[in-house]
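With the hints as your guide, set chain F onto chain G.
There are 2 protein chains.
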Amino acid sequence: MLSLHDCQVIINKKLLELDLPAHPANLYDPIRYMLDLEAKRLRPSLVLMGCNVFSDEVQLAVYPALAIEVFHNFTLMHDDIMDQSAMRRKRPSVHAKWNQNVAILSGDAMLIKAYDLLSHTSASHMPQILDVFNQTALQVCEGQQYDMDYEESLTVSRDDYIRMVQYKTAVLLAASLKIGALLGGADESQSDCLYEFGKNIGIAFQLQDDLLDVFADPAVFGKVTGNDIVSNKKTILLIEALNLASGKNREVLLDWISRKQFNRNEKIRVIKSIYRELQLEEWVTGKVRYYHELAVDSLNYLQAEASRKSELLAFSDYLMNRKK
Amino acid sequence: MLSLHDCQVIINKKLLELDLPAHPANLYDPIRYMLDLEAKRLRPSLVLMGCNVFSDEVQLAVYPALAIEVFHNFTLMHDDIMDQSAMRRKRPSVHAKWNQNVAILSGDAMLIKAYDLLSHTSASHMPQILDVFNQTALQVCEGQQYDMDYEESLTVSRDDYIRMVQYKTAVLLAASLKIGALLGGADESQSDCLYEFGKNIGIAFQLQDDLLDVFADPAVFGKVTGNDIVSNKKTILLIEALNLASGKNREVLLDWISRKQFNRNEKIRVIKSIYRELQLEEWVTGKVRYYHELAVDSLNYLQAEASRKSELLAFSDYLMNRKK
Numbered sequence: 197m198l199s200l201h202d203c204q205v206i207i208n209k210k211l212l213e214l215d216l217p218a219h220p221a222n223l224y225d226p227i228r229y230m231l232d233l234e235a236k237r238l239r240p241s242l243v244l245m246g247c248n249v250f251s252d253e254v255q256l257a258v259y260p261a262l263a264i265e266v267f268h269n270f271t272l273m274h275d276d277i278m279d280q281s282a283m284r285r286k287r288p289s290v291h292a293k294w295n296q297n298v299a300i301l302s303g304d305a306m307l308i309k310a311y312d313l314l315s316h317t318s319a320s321h322m323p324q325i326l327d328v329f330n331q332t333a334l335q336v337c338e339g340q341q342y343d344m345d346y347e348e349s350l351t352v353s354r355d356d357y358i359r360m361v362q363y364k365t366a367v368l369l370a371a372s373l374k375i376g377a378l379l380g381g382a383d384e385s386q387s388d389c390l391y392e393f394g395k396n397i398g399i400a401f402q403l404q405d406d407l408l409d410v411f412a413d414p415a416v417f418g419k420v421t422g423n424d425i426v427s428n429k430k431t432i433l434l435i436e437a438l439n440l441a442s443g444k445n446r447e448v449l450l451d452w453i454s455r456k457q458f459n460r461n462e463k464i465r466v467i468k469s470i471y472r473e474l475q476l477e478e479w480v481t482g483k484v485r486y487y488h489e490l491a492v493d494s495l496n497y498l499q500a501e502a503s504r505k506s507e508l509l510a511f512s513d514y515l516m517n518r519k520k
Numbered sequence: 197m198l199s200l201h202d203c204q205v206i207i208n209k210k211l212l213e214l215d216l217p218a219h220p221a222n223l224y225d226p227i228r229y230m231l232d233l234e235a236k237r238l239r240p241s242l243v244l245m246g247c248n249v250f251s252d253e254v255q256l257a258v259y260p261a262l263a264i265e266v267f268h269n270f271t272l273m274h275d276d277i278m279d280q281s282a283m284r285r286k287r288p289s290v291h292a293k294w295n296q297n298v299a300i301l302s303g304d305a306m307l308i309k310a311y312d313l314l315s316h317t318s319a320s321h322m323p324q325i326l327d328v329f330n331q332t333a334l335q336v337c338e339g340q341q342y343d344m345d346y347e348e349s350l351t352v353s354r355d356d357y358i359r360m361v362q363y364k365t366a367v368l369l370a371a372s373l374k375i376g377a378l379l380g381g382a383d384e385s386q387s388d389c390l391y392e393f394g395k396n397i398g399i400a401f402q403l404q405d406d407l408l409d410v411f412a413d414p415a416v417f418g419k420v421t422g423n424d425i426v427s428n429k430k431t432i433l434l435i436e437a438l439n440l441a442s443g444k445n446r447e448v449l450l451d452w453i454s455r456k457q458f459n460r461n462e463k464i465r466v467i468k469s470i471y472r473e474l475q476l477e478e479w480v481t482g483k484v485r486y487y488h489e490l491a492v493d494s495l496n497y498l499q500a501e502a503s504r505k506s507e508l509l510a511f512s513d514y515l516m517n518r519k520k
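Protein chains in written order, with the working numbering: chain G, 197 to 520; chain F, 197 to 520.
Here chain G stands alone, though its shape is the one from the complex (with noise of 0.2 Å):
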């Protein structure tokens, strides 16, 4: 069976080879140019996992790989764009480095390239691999655009929040597992099991991502802790410290969000001090045990020796423990 890092190194040689053409340069060389960006590969190694669970012929499964990677990044090109992020990975974005029509343009023809891999799909699974796809990359715009909606809005429920991190982040990882492993030959209750699995992951990982940005020891965490605070981002912490803070809790946090020039260590502490209050900590915590747990339930399910299993499980002990 082969590792998360088999599956890297396969994937970063076949980015390799990817033959895009030279002109119009202000359209293909974004594309090169986000593809060359240091990534971890892990939605296209996914892909080449789940084939891997049922079936030793990776290769049938490389072609599509390389489609979620090259859909992955188009959704990365058109978010930072939309969410006014300069830089990508340490780099500066596309629409930073060029300009934003570039950037859509080039995302564009990015996500048709990714259909474009795709199609080397083998006509039998074509029907099923097309119809996975365009599903999940349609949940995946669904969840954008949620998160774009929340960010507007004091209300949201722990409800809408799951959904839109399940839409946004974790139905691709699911959908990578899922595709892999119809071209390894699992039936659909097979191939669920593993579409459940990853999307379980992607929504603990979220979350932990969440409580991290907060909790995280800087020094064990290696980047500064704070910034979703600071910028008011959405995540399951502030959305449920609005549901939950009353009285005085919440005419601080109000206040606290809606300043426009303040402190920035006096707003973190006083806005972790209401988190702890709300004993938010512990409840996210749990809530991450348990998303983890059902991802692992769910391979029981699975119909496949010990020894294929055990490379999903250690894929899901390095997503979960990769930023203690």
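Worth flagging that the hints you see were computed from the coordinates, not collected in a lab. Some hints could be false.
Each pair may be met inside one copy or between any two copies, as identical chains are not told apart.
In silico SDA-like pairs for lysine to any residue, Cα to Cα no more than 25 Å straight-line [unchecked claim]:
#1 293 / 281
#2 293 / 345
#3 419 / 439
#4 293 / 280
#5 293 / 279
#6 293 / 348
#7 456 / 295
#8 209 / 462
#9 429 / 222
#10 429 / 298
#11 505 / 421
Positioned in the frame of chain G, the structure of chain F alone reads:
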């Protein structure tokens, strides 16, 4: 054989049946809005007509036809952002009515929806149709990029311009006919006859469009002429004038296109007189005729009854005469 009008009726009816989710409203409302704008449905009608040349079962081509129309409207939604056009078909464009982020993301969802509609193609036709669609969609992006690049350049060759027009406009008309033909049972060479017909009619149409903006009789044309001159749009006329004008004419031309403030009618008068002196109306008219004849000629290689070709000829007459 179905007429253009018959096809338009079928497409408009099927578009009404398109089942888009209600939520998130900011993602799907703009798609509904865009598809509800009055439009001629030329491209999906060409899919049905292309099919109908070879088969009476045009229902085989309905979903791919809808895919082409949704794809076309996706390009319009994103082009309007890139070109900063606040109006589309006499109504506010999506980014003007909602905002830019909504237009980016709804456009993305629309492109995915196009593939979702295309996925209803029969499994046997899928690989070929998907390949034509992907290559065409990439060329449309390339055409838009060349168009934006050329707006920044004073030296564009006529070949470059023709390629730009071909990619940006003509190939989608061509691919619509080809996809229809393939679904109707045509082989590669027969479907390529229709592709050539669509491509060359598309180029002829675009060149004529450039011509009419300057030389049409406003009373017959139905709208104000000279807009392209006023906005310095890189039409075949301006490109050729920049390539051919020398001495005093070149000085005058460069002066007028660099002026920020000017009298509209005076600018039109001066530049039109340079176009006249360079005999550009005659030259471009010759080019229009050339591409129109190429289009009609390609139908000679079509192995179909004369009555099946007549609607295609009626379409080309309609397209070439609608603005005189």
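Right, here's what the structure says about each hint:
In this homomeric assembly, residue 293 and residue 281 come within 25 Å of each other (Cα to Cα) both inside a single copy, at 11 Å, and across copies, at 24 Å. In this homomeric assembly, residue 293 and residue 345 come within 25 Å of each other (Cα to Cα) only across copies, at 16 Å, whereas the closest approach inside a single copy is 27 Å. Within a single copy, residue 419 and residue 439 get their C-alpha atoms no closer than 29 Å, and across copies no closer than 56 Å, so neither meets the 25 Å cut-off. With identical chains, the CA atoms of residue 293 and residue 280 are at most 25 Å apart both within one copy (13 Å) and between copies (20 Å).
For the homomeric pair residue 293 and residue 279, the shortest alpha-carbon distances inside one copy (15 Å) and between copies (20 Å) are both at most 25 Å. Taking the shortest Cα distances, residue 293 and residue 348 sit within 25 Å of each other only across copies (18 Å), while inside one copy they are farther apart (28 Å). Taking identical chains as interchangeable, the C-alpha atoms of residue 456 and residue 295 lie at most 25 Å apart only when they sit on different chains, with a minimum of 24 Å there against 28 Å within one chain. Taking the shortest alpha-carbon separations for residue 209 and residue 462, neither the intra-copy value of 47 Å nor the inter-copy value of 60 Å comes in at or below 25 Å.
In this assembly of identical chains, the alpha carbons of residue 429 and residue 222 lie at most 25 Å apart only when taken from different copies (20 Å versus 33 Å within one copy). Proximity of residue 429 and residue 298 under a CA criterion of 25 Å is satisfied inter-copy only: 19 Å between copies versus 27 Å inside one chain copy. Taking the closest pair of Cα atoms, residue 505 and residue 421 never come within 25 Å of each other, the shortest separation being 34 Å inside a single copy and 69 Å across copies.
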